[in-house]
Amino acid sequence: MQGRLWKVAGSVGLAMTVGAGVAWSANDLDTPQARGTVGRNGADTFNMDWLGHNDLQGRTTYQTTVHTYPNGRVVAFAGHFNGKMLNPMTKEIEINGTSIVDVTDPRHPVYLKHLVADQGGARMAKLCDGSELPKGKRGEVYLLRENGAVSHEVWNVTNPAKPVIASTPVTGQDLEGPLLLGPEDDLHLVVDDLAGVLGVVTRVHEILA
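Positions 1356 to 1564 (our numbering) are the ones given, in order, by the sequence shown.
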């Protein structure tokens, strides 16, 4: 798999690497031992080279999803834990949400947009082309994310620098669980786990993007 682009998301920041074998990443709870070469920048690499970096405005990151657009553009969507940081682009202190970074040139990633999650964090991000959704439009791209533990949102990110809300398929609930967006098993669903008196109940909602 030589030359393949991998994403490695740590607790803060986005690292873009080229791998020549198996990709490995760790969260901030792991303490991995060095297996390869430790560079001057402190990066421990094994079968991959460090190409570029973006600090994501210092926002604590949970999940990063990299999506290739129909036109070949490659964009990373980084989901953040709840918190507040200064957005240098708006000069405002903003609640953490989703960082959108153009990584078409992995050596020079470009931060495009911080998409605020006003209910407190948007840890997970799933992407899908409009051609894969029953009510999507060919040529468009959609982002599914949580907004705090209150709702799931679908955003039209065809222009990743100017996202537009498309729908809110789930709202007003205490949500905790995985997100699914795409053509898996011909289903186009958002899945959330609801913790209730009788235990964890899985509810499935069709996305009307």
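Simulated from the structure, these hints should not be mistaken for laboratory data.
Hints may be right or wrong, so weigh each one.
[Unchecked claim] Below, computed lysine-lysine pairings styled on DSS-like, alpha-carbon distance capped at 30 Å:
| hint | residue 1 | residue 2 |
| --- | --- | --- |
| 1 | Lys1439 | Lys1517 |
| 2 | Lys1492 | Lys1517 |
| 3 | Lys1517 | Lys1490 |
| 4 | Lys1446 | Lys1490 |
[Claimed, not checked] Label pairs and their computed distance ranges (CB to CB):
| hint | residue 1 | residue 2 | range |
| --- | --- | --- | --- |
| 5 | Lys1517 | Gly1407 | 19 to 25 Å |
| 6 | Lys1492 | Ala1516 | 17 to 23 Å |
| 7 | Lys1446 | Ser1486 | 37 to 43 Å |
| 8 | Lys1490 | Gly1413 | 33 to 39 Å |
| 9 | Glu1487 | Glu1447 | 19 to 25 Å |
| 10 | Ala1516 | Ile1448 | 16 to 22 Å |
| 11 | Lys1492 | Lys1446 | 20 to 26 Å |
| 12 | Lys1517 | Arg1493 | 16 to 22 Å |
| 13 | Val1471 | Trp1405 | 28 to 34 Å |
| 14 | Gly1494 | Ile1448 | 18 to 24 Å |
| 15 | Phe1436 | Ile1520 | 37 to 43 Å |
These numbers were taken from a predicted model, which means no experiment stands behind them.
From the three backbone atoms N, C-alpha and C, an ideal C-beta is built for every residue, glycine too.
The hints, checked one at a time:
1. For the given pair, Lys1439 sits about 21 Å from Lys1517 by alpha-carbon distance, which is consistent with the 30 Å threshold.
2. Distance restraint check for Lys1492 and Lys1517: the Cα-Cα separation of roughly 17 Å lies within the 30 Å cut-off, and the hinted pair is therefore satisfied.
3. For the hint linking Lys1517 to Lys1490, the alpha-carbon distance of about 21 Å falls within 30 Å, and the restraint holds.
4. Simply put, Lys1446 and Lys1490 have alpha-carbon atoms about 37 Å apart, too far for the 30 Å limit, and the pair is violated.
5. Against the hinted window of 19 to 25 Å, the Cβ-Cβ separation of Lys1517 and Gly1407 comes to about 23 Å, which satisfies the hint.
6. Between Lys1492 and Ala1516, the C-beta spacing of about 19 Å keeps the proposed range 17 to 23 Å intact.
7. Roughly 38 Å separates the CB atoms of Lys1446 and Ser1486, a value that falls within the hinted 37 to 43 Å.
8. Under the hint 33 to 39 Å, the C-beta atoms of Lys1490 and Gly1413, about 37 Å apart, fit the expected range.
9. A hinted range of 19 to 25 Å for the beta carbons of Glu1487 and Glu1447 is inconsistent with their spacing of about 35 Å.
10. Remark: the range hint 16 to 22 Å for Ala1516 to Ile1448 is upheld by a beta-carbon distance near 21 Å.
11. A C-beta distance of roughly 34 Å is found between Lys1492 and Lys1446, which places it outside the suggested range of 20 to 26 Å.
12. For Lys1517 paired with Arg1493, a C-beta distance near 20 Å keeps the hint of 16 to 22 Å intact.
13. Restraint check, Val1471 to Trp1405: a C-beta distance of roughly 30 Å satisfies the suggested window 28 to 34 Å.
14. In this structure the supplied range 18 to 24 Å is violated for Gly1494 paired with Ile1448, their Cβ-Cβ distance being about 36 Å.
15. Checked against the given bound of 37 to 43 Å, the beta carbons of Phe1436 and Ile1520, roughly 22 Å apart, lie outside it.
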